[in-house]
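Peer 1: Sequence:
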Amino acid sequence: MVLTNLSQLHPPAANDAIKLRIARAWDITVPGSEKIVGLAFVATDNQGNAIHVQTNESDAEIFRDLVFEGALYLIAAFRLTRANVSHVAVQSDLIMWLTRRSVLRPIPDDYHLTQDTILSFMLKKISPKWQTTMVFWQLTITLWDRSLDMINVPQLLSMNPKPVMIFAGMLVRIINGRPALTSSFATKLYVNLDIDETAMVQAM
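Under full-length UniProt numbering, the residues of the sequence shown are numbered 1 to 204, in order.
Please note that a few of the clues may not be correct.
Derived BS3-like pairs: lysine-lysine, alpha-carbon spacing no greater than 27 angstroms straight-line [claimed, not checked]: (1) Lys188 <-> Lys162; (2) Lys35 <-> Lys162; (3) Lys19 <-> Lys188.
Hints were generated in silico from the structure; no laboratory data involved.
Throw the hints in and build the complete structure from the sequences for me.
Peer 2: Structure representation (structure tokens):
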């Protein structure tokens, strides 16, 4: 039977198969270098639950050309383990490992979601929490070299009106009792994205 909900999985889940959608994918690199040591992505089930999925260095190339953000997949012959690696992108006790015997098969999907659509949908989900907990707070954001390569800092600083930026795939830290963000392998930056939230912020 093909599962559709992550709550149905229990370690080691070696014989299970499940339908999941890839929401965000990235290469795992050694900090301070461009050496790629694996492939990772966040996958979501039909209830919106998410899990961190990862390969080791030797198996990354097997799956790299198969992974597309927003696409739906049948995933089978994987391993489910405790989340005992660093930089896990999802708050969960478990992560999924793909090995050379794993199956990652695209499923035809009539409901095609672009990356912008997925991002817009998730913003609508989190905006009420943001409004009640973070409004008028100053938030410390640290971007490392890999993330800074995505943007033109002098150009952003000279823009008028000031640009609206969305930070995806950031790590949350608590500094002096308040949340702070720092970039990670999964970080993706958006500037003046054409969604309702951009216009709302610009109008403030």
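Peer 1: Check the structure against each numbered hint from earlier and tell me which ones fail, lowest number first.
Peer 2: 2
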